[in-house]
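Chains as they are written, first to last, in my numbering: chain G, 1 to 459; chain D, 1 to 1002.
To be clear, the hints were calculated from the coordinates, so they are not data collected in a lab. Glycine is no exception: its CB is placed at the ideal position from the N, C-alpha and C atoms. Each hint should be verified, as a subset may be incorrect.
[Stated by the list, open to error] Derived list of chain G stretches under chain D, where covered just means 3 residues or more per stretch with a C-beta under 8 Å from a C-beta of chain D:
no.: 1; region: 53-67
no.: 2; region: 70-81
no.: 3; region: 232-242
no.: 4; region: 348-362
no.: 5; region: 409-418
In case you want the letters, here they are:
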Amino acid sequence: MTDVVSLRQLESWMVVLLVAAPAGSLAAIGIPALVGRPPSERVTTRAVAIGFTVALLAALGILVTAAWRGFPEEVVHLGTLFAVGTHAATIDLVADALSIPYVCFSTGLCALVNAFAGLYLHREPGFTRFFVLLSLFGFGMNLLVLAGSIDMLFAGWECVGISSTLLIGFFHERRAAVAAALRAFVTYRVCDVGLLAAGVVLHHAVGSGDFDRVFVGAWPTARCLLPETTAGLAAVLLVWAALGKSAQVPVSGWLPRAMEGPTPSSAIFYGALSIHAGAYLLLRCAPLLDAAPWVSRLLLAIGLVTAVQAAVVRSVQTDLKGMLAYASMTQAGLILAEIGAGWRLLPLVHVISHAIIRSLQILRSPSALHDRHELAASLGGPPDAVPPWLVRQLPVRVQEVLYRVAFERGFEEAFVGRWLLGPVVAGIEAAAALERLVVRRLGGGGDVAGSRRRDRGAS
Amino acid sequence: MSVTDEDREAVRRHVARAANMLPAQGPIGAFVARNPLEGFEDRPFEAAVEMAAQLYGAEPYLAESVYREALASGRIARCDIDAVLDSELGPSAATLLAGGRVRLIDVLRHLLCVGLRHESDAAVRWTLTESDTLERLRDDLTGPCRARLLAGADPRLSGRAAERAVAGDLWHACVESTAGGRAALRHRGPPVRPRDLIRAVRPEIDLDDLVHPRLIRLVAAHLDQGVADWPLPGRSQGLLGAAAALFSRTGPCEPWTADLGGRFADIAARCAASEPSADVAIDVSVEELTSLGMPREAWADMIVASLVALQGWAGMVRQLEERPDLMPLVRLPTCLADFLALRLVFDGAAARWAARRLGDHPPARNDARGLAALWSELADRHPPDRGPGALSRALLLHQLAQLLGLSAADLRDLEPREVTGLEAVIHGFDAVTRRRLLHRAYERRLTTVVLDALTAMPPAPPPAAAGPRAQLVSCIDDRCESLRRHLEEVAPDVATFGAAGFFAVAMNYRGIDDWHATPLCPIIVRPAHTVTEVPDGRHASQHRSRQRARRWVGRVRGLFEAGTRSLFVGGLVTSVGGAVAAVPLVTRVVLPRWTANVSRSAAAWRPVRTRLELDRMTPEPLPDGTLSGFDVTEMAAIVRRLLEDIGLTSGFARLVAVVGHGSTSLNNPHESAYDCGACGGGRGGPNARAFALMANEPAVRARLAGDGLVIPPETVFLGGMLDTCSERLEWYDVDRVPATHHDDLGAFARDCDVARARDAQERCRRFDAVSLAIEPAEALRAVEARAADLAQVRPEYGHASTALCIVGRRRRTRGLFLDRRAFLASYDPDADPDDAILTRTLAAVGPVCSGISLAYTFSRIDPRRYGAGTKLPHNITGLIGVMDGHAGDLRTGLPLQGVEIHEPVRLMVVVETTAVRLRRVLHALPGVERLVRNGWVHAVCWPPDGGRPEVYDPSSDRFVAHGGAAARLPVVARSADWFRGSRAHLPPAFVGPVGAGQEVPE
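Looking at chain D on its own, in the form it has when it is part of the complex (with noise of 0.2 Å):
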């Protein structure tokens, strides 16, 4: 067979465009949370989920009763639902229908507020002849409209007997009305691959069950980061070619696999006679597309269905493929071709096989002409969607009739075309439709309730002429937004900053225990710099030793490991070794704090003093290619920045503590995802501590005293710390404070440790295992021993809830309590003439924030397709992710267990500037404009100057400044006042004295 080059091109087209379907998820171990729908985002958010919905049997919203539940509790408003109808009907709003009796939103409104009952005709029938239902009214029709329906009854009848007689009359009305119509046949086009296609026919065949198991196994073996102990033969060929030699030797297998070995075998020839093997597996697919009959028109859709249908397993190779630097152990060449020829052969045989079963002319074993016919005689019979039966539409127009106050005699008045008119609204607002109204009433309660709370803060206080006692930087992450709330309700003297927790230092990090060193800065950055952590001079014997006693308890723990697993050694070792694991089986499960404290304590038996190589040791490059440290211009630079980024460049505390954050739990394969986001799922403790050793640099002070950022004598930088699971708080280089500082240091200390106890407190709220009325010091005790507890599958909560990120100088937030949903990036306007610090800030943010915040809202809406599911069934495969049980597709996304109290909305980021500014800075940054164009963030403007929030509006293009009655602010002295004894979201109040022109909350 002849593959042309137009055939090839074509493929690799479809290839390259099916890779932006893809989940981009790289390895587990560093959990970076992105948009499901990155590719997407070119689109409108409306427009590219239901799009992507369709493409991946996915939900595009939440599912209707859970926005019912909200509108019923009040989380959605009614003013919502009506805005939201305002603005998408405009003027038609008012349009009347059936002969003039009711209004086209009135319409619309009940047919969102209420959950009408969408039944089939058979369930009609059954309802028909099983229950009343159909002969009693609503329970919930308004006094008016209930008493309207019931004047048309016999006079003669009363009570139920009347209600019987015009329920029952209104039925026949109904039937009466729309059996003469009928609902438009939707043809939805019928599905391509040859599985959906027999599937729909022969529901008991699915290739994808052959097919799945072993597909998956292959390229687990191929990608395999060390969990076999027997690595698969020639993996370092790329997946196609071990695949084909493994597969050219035929065996005793079933069926259906019986043709491949030659196929194989003449595959395995091919690949190890060409380099490299992607043109190969290009052929490959053209040929298999080809032999298995597909038209070319076709190949576009059969390439994006074959690679969706497993597609953890084919973004992961997707994403290995153009970050081979992401493969934690081995890294091995990868390609999605590969892939997707790999798939395409095993497809092929499967469909081959399934063929000679269906229908009563099977095609030949090679017959693609005979293949095409069969593919498009299935097609032909795949069932169209005939729509909702008479029946059943009989029913909806029941049940609205009653909502509207239409009589059995007013729908009997109708003319037909009326009817037809009614019913095409009542259909044309479809479910899907439906959803994405309630969806945006329910992100506009949100929007709304944040406005008016930005809105009636008090003015910013001026600023102390004393200045802070000290400084606190850091990360934006929503988790340290109540961190810092609490320590400047702590001791309000001290200031708070927020910046991206890589702290402006991009680094290669290896830490003392570490056996590699690992990119701390954000995924897209490739670090250029490598900076080491090593003993500290009196402590490298210690180290020496320490390290020589560790290297022997890993070989014995590792001996012991493998021994459980084998056969002649694990006789012996799985024999004796039990008593040895009944102890941590036993302390684990029951004394998970006490167990993870006596190992942590073993694990800091003598402790090494360690200090970082910051400084540049050799002018060239390490083997990896970067640099050892930094220079002194370089590091002034760094400094430089992130102070400009805040807006810290006078008015310094004799204290400026840096913390960066991570999340330390156990038995948790997400971990990852709960470190930070700024360092690419990495912790930000080394990147703090860099940052405080450059700042606190004499030379560096120098350099940056030259160019006007005079940093005073007496101030002292000092790197730290947050888990943000245990809230253990860690600060580095301790002994090189000044003793002029031993008391500052104390005192923040000891501020900071109240602090992260009431932090903690807060926390605990969420829990619902944990008790209301928890104390701060007892959370801090709890969280401590969730992090520590292998039954643990909720360490902490990470992003869930995030809603928010202001961009903007704290003084103008402080004291808001905003329940740990906002990341708070600090950003001073008026020291921004050009808005070049507003313009590096947002390509910083943006991205991350909405990545966050649109990966939450993706795993919740879908926990099925988006998310990755219960954590339960998780099995790690291959230390590059999870799939669920034995060989399943590779799970994207964020587990249930994190996403569950999430409230799927998308981000409003509010930026403390202009519009006409704000304009200008989107303008300059293509990918954050495209979000806010197409409405994947919601953007919001907050004049420096005290004005009214303005929010974008995607649809006209324009700032729309925000209304409503001027709102005022709860305010309660301490956050632990307005959190304490509820687990819910908590709308916004203010922290601070209770002053005049506030309200008290009771």
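For reference, chain G alone in the conformation it holds in the complex (with noise of 0.2 Å):
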């Protein structure tokens, strides 16, 4: 009995040091570089690579002894960030049979990417900047997975969110970049808001934001505590708050041109980690979406639509980043779809199988005219190109029609900026004309050379 205590004592520990240990390399080397004195390449790297390696060596850690124990569900409590009554926001974290998986891989895959912008962005200026911004994107990540409470998790998802538009405008010095990055963070923004309110909701149903007051039993068998109504508004935020960071349509449209960032970064953030954030975030919370079947079906319905929309542009992509993003995209609304339909086990595998083959294919793409020539002369001979097999269903003229659709990426661009955006800046543009209004009336309907006359009569 005392092994078992202890081993349970060691893994808390081990739970700790998976976000201390991020955290801490993110401190070595922000702190100096902050204050005016960034670290050699050489020990930014270092401190960098340990933390990721002491993290990874605590999370497989985890996994022996959690899966000698028989992945018990295990709750580190932190501290509590306030009380007051029955409401309270504590810091929790939890190691169970979703997290101590996921976040295996993801620390494996940040260590990894590590060892590879090592050396690919060798000499780069910005150097610093990005093992910061890859430090705490690992800390933001852990957090998320980690979390025991949806404050935790948002947190988490907060530096997830920041350090990727941190990294898609990488290049800051390209117009291009800002405006991707800017793109992204807009989407983010508003996506977040769904996690934001999902939040309050919950603590206003239950008091606190803690998932084991929201939930009971184990994941993935855990079942939700909520009456069917609230279950559903907490489950259709957080749906929303998924679409964004998974580039679910509509609002996907960021994703292609997050591929301005460095190599390493495009492939840790759009094709392993951060566009699974929504997935993971779902999968957490999958009690919810148990307890408000018509969230589920909604859930259904967005991934297939995204996963076909995405398949279907994909093919017509000429790039090789675009392309993989759409490849991404189009797995990302498959593993929704699998949510929605009620699967727990296969979108988890699903999930980290894609994030290693999509990280690989991203860090190679540089490779694509050796790979392709390689594969030509073992073949006797290019590939032929074949559209899709939903496509060749078609007939020709049809076909003519939907190669339009694809080339204007489903004209998503369109649709949100004319249904979407154009009612919000119309809003807002009226609502300044009336603001000038008012004004105008307030000060007695004179002009501004009028308000200027009248200031130089007084003084």
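Take the two lone chains and join them into the complex the hints point to.
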């Protein structure tokens, strides 16, 4: 019995280490850089490598001990942010059948990309910045994965979002990169509202954001304690949040643009971890979806529409990274659809497996010429360009129209511009006009020049 | 709207002119380094560079601060600055200014050598209120100068107070002097494109942001060589036809494209009706220019500016229009006129849309006259360059006055006319002029150092009676310089030669694993022969089974790759394939060299012995129009040509190795930029192999002997290939070397192994992340790992740092440490009485080497406009090029990581011949003569009898003997003694026995 207790103790220490180690390397290179003494390349990569290696060893340690004990849910309580009566916001980390495999893989990938980037970014201005952002991302990702409450999850989510934005705009001297970063940032902000609102709903409903106050049982068989309407509201808000990070229709336009950053960050963010953060969020809160079947069906529909749209758009992309972005989007859509269909383990395996394949492909994307040449040589000729099976079933005239649709990326841009942004912009302009009108009325109906004259008269 | 023939002709002419201003880079799979300013070569270098800088918005030279750093580090000497200023100013150098107080040359020297602060009026005002900079004297004043300034101070003051008073007083004097004058308004012509005119008044509206993403995707889809699974429908009808058909149906697009559907439907109909569509494109361009309200006289500029705005893509379209054979997989009809027409249709729609949002009286939708009026109004509002304001000029004068020792009293004594004169000198000596002169000084230092070294070279020793044990013929490539030098150090009885790396064998070559033949010869040559590599007789069945296995592996890999991207299969593959992909993901990143070795041994499973099908099989031409193989006459001509070129017609060693080169690296779209330029961006190994086979052929030798070129029977030729990245050296057809020569080959191969390890060591000193103390064996492992590492963006440095080309006998340069900076072509002036050999050598070497040098130079000077920028965000598009991010212009030129150590200087071509002969040879080569006369390369002749080198001076059209005191060359025993411990460019040294009259470095 004592053995088990000490094992639990050890495990909770390792859980803390998983979050603390990347945070430590973030501080080790971030603080000197902040006071104007950025560490050398060698120190930077070493520091980040130590952080991720320690975290990876801890993750593997947890995997072994938890497997030994049959993946019980382990909650590590680190403290309470505030508590008022029955309301409390706690700092909890949770290690269970969902978070343990996921954190192993995310930490491992971070460590690999760190090793890769140390060489790849050698002599690049912004070297330190890249690694600061990478460790911020690693910290945020592990916090997100291990979060025991929606508040912690939100904190991790935001770290992932901001590091993603800043890495898209890594080459900030180029306008296109900054515009793409802004696009991703705005999408994230709009969709993060969903997560924040879902947190508010949960706090309102049970007085806490802790998952074990909302769900009972261990993942994946946990059940939700909320009434259906509340659960449905929270779930639909979470789906809203997941759409942005996982680049689902209709807010997927930022993903192909996100390929403006350096290749390693594209690989880990948009091939592997960031793009699947939405899926992880929904897996974590899956009991809410179970409690609100209509939200599950909505998720299924959105996932399938995204998958089909992205698959068709992907087939006309002529740039490697854009093509891989849409290929990722296809699978991200499928994964959300799987979650919507009520599966739990399959999407988890799918996420991990897809992330490994895709990040390797993006890391290797500059080899495309080499690979294509080799493929053609072994096949005795280049492979034929064949449109997707779905497309080939259509009549030629329809195919031509569909090509245009695919070329315009499903007209998503125009749709968002006209139906989502258009009204917002019009609203803002109307409000501004109204304000000017009101100010003029209140100011006595004079124009600007008139008020200036009055000012002069007064002085 | 009717289009007149005159208009059509005008547009055609303008397009042809603009085409020359686009980058001349073909698909990236066969990268050939060329001068990005090739279209300007008919102008003198400096004029061309500065004109191109205006046109492209590029940098003409390096930044002033870089030259000043060079000045501080001694890379530029003070005497270079003086020499440059002397030759620039001539007798006017001593002109007196400021009432006779200073000389012109002193003013200019200070402006060149000291980084003076140039600030706007607002910045000066800020400095005045927020800092005390203007109340102190400069720190870098010479003693006398400082004393002279302080002499005017109130004697009661001392120390800081005196300095403050003097500096403050001087500042007031400067303000008073400059207050009266005014800098001349500089009217740069307003831009001609509506996009630029609109941006000048409404910076938030950028029409290119609307047009470019769509245009780029269209062109990319049109030219795609196999990225997209679903090709653009109708793309074989040309860009304009396909694009028009695609856009003729309207969709829920952005507002600015609302009118495009009808316009494109009309164009699509016309394209379908007429053949060829090029005329439609011209007509459409004329219509668009007219309806946009562009006056005819602005068409030329408008067309150039429109094409240059997306120069990478436009240049690619133009290259593929001229050379459709460069398209690697799919041959598509494409033309620049189509691109222009498409661009103008989009631009027109965007401009009309924007015009309706501008001004108080927007022109109506199709009102060309209204638009014309709008453009001219915007052009009038275009802000002129007002030049520096009064405070800004005062600041400059304040700094310069201190440097010149002019006190406040001096300034106040000046007549207004004299102040104006001084200011005119200062402002006439603008940034471009300063950078031009600094660049001249920068080049002059290198030229001087190299010519000093050539002058100081000890006379070539007489050839040894025994003759060399072995001979090595390599490419002239600067990367082979070090290998040759190391081999000569390791084996003093080996002689080396340099020849253009296709070794006179121009062929289409299909290797045993290739699915099609690729040309291996300079890009301007279209080969007339095809050579195939086939399995050797007994290995045929093994080859077949290996082919089958490879095909299976390829099929599975192809299915997996395609599967991960698709919808239905993808769901399956990506859910279960992760475990498979995890292995390469981890090993490739963590153990790159080990992974590469494993996959190489897997690929070499049951190796197949091959031979080249070199003989003419059938007299009929092959389907692609080439002949199969070579007949004896052709082979004899090739062998004779090469041997004569390099001056190897007698004194053959028992073993003559011919080594081509190529470069293998991973994750590097620019891989072929590191291959052999003389093989058109291919690998020269097969050429070397073919040459050796030809030279060994008894029938060929008999034919040659009949013509007087006797190759003794005991001489054996051997082909080889050097990988300049992994430093691997591979020998071909070793099994055919007769038993009598096995010992020679063994000894020679061992020497080569020592030499290449030392070469790897020399290369490693350039890589920041590799220790300077690395030993040769370790260095070899380090460069092998670089070649196999996915994360390595600097697998090798290619031609970076190249600066020199020497055409002459190796005897005269043997032992000279040239730091991998010199192309070395072998040429024997004594065996070339009528200069025929020199003519053909320079015809090949001149353009190739200058192209490489200028490509590196301009990519280094402006990585943004001429180079490809940093590799990190590169995204391969259509398998023909790279762009930054998701929809950008194609990046032409070399990536930053490849040129960061390059010193941007023009190539100095040293030819071992007399001035008279060189002049005659150049006269016969108009292309090369143009480069020399316009100063795109520095030409030097090096008299064969041992006289001083003579440098060609373009301004006086004369060869001037290199002067200067007789310098002594440092002597070291081994190259490593000279290069170890340093990452910087190294000056020449003599590597050889330390003897009398030579200086031994400590």
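Hint check results:
Remark: the region 53-67 of chain G is not confirmed as covered by chain D, as 0 of its residues place a Cβ nearer than 8 Å to a Cβ of that chain, below the required three. Residues of the region 70-81 of chain G with a Cβ under 8 Å from some Cβ of chain D number 0, which does not satisfy the need for three, so the listed coverage is violated. Coverage of the region 232-242 of chain G by chain D is violated. Counting CB-CB distances below 8 Å, 0 residues qualify, and the rule asks for three or more. Chain D is given as covering the region 348-362 of chain G, and this holds because 12 residues of the stretch bring a CB closer than 8 Å to a CB of that chain, at least three being needed.
Under a criterion of three residues with beta carbons nearer than 8 Å to beta carbons of chain D, the stated coverage of the region 409-418 of chain G is upheld, 6 such residues being counted.
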